[in-house]
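Visitor: Here the sequence shown is numbered in my numbering, starting from 354 and rising by one per residue.
Everything hinted at is true.
Derived lysine-lysine pairs resembling DSS-like cross-links, with alpha carbons at most 27 Å apart:
1) Lys396 - Lys440
2) Lys409 - Lys440
3) Lys409 - Lys396
4) Lys408 - Lys440
If you're looking for bench data, these hints aren't it; they were derived computationally from the structure.
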Amino acid sequence: GLGLQEMSSIGIEVPPGFTLTTPFCMVYQHTGSLPENMWDEVKIAIERLEVDMGKKFGDTLLISCRSGAAISMPGMMDTVLNVGLNKDTVEIF
354 GLGLQEMSSI
364 GIEVPPGFTL
374 TTPFCMVYQH
384 TGSLPENMWD
394 EVKIAIERLE
404 VDMGKKFGDT
414 LLISCRSGAA
424 ISMPGMMDTV
434 LNVGLNKDTV
444 EIF
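Start from the sequences, fold in the hints, and give me the full structure.
Guide: Below, the structure is given as structure tokens:
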């Protein structure tokens, strides 16, 4: 997320997105879930993506989720692509 933010700040076009911070993820790691107010933040971020892209999540808006770390670890972090794809939307694509 930081790399995309830095590129955007110097005028390089990057796709819209949002970042879940380390403290946010630590809550999930320690509890196995997120409090409702944190889910509300995720929902708001997805709604902003929907507006920016003119598409609806779970319909024609797919997102990717990337892991990050304080130090570079090529090949060690997961990327999950096509989040939002389901048995109905697969027919669209």
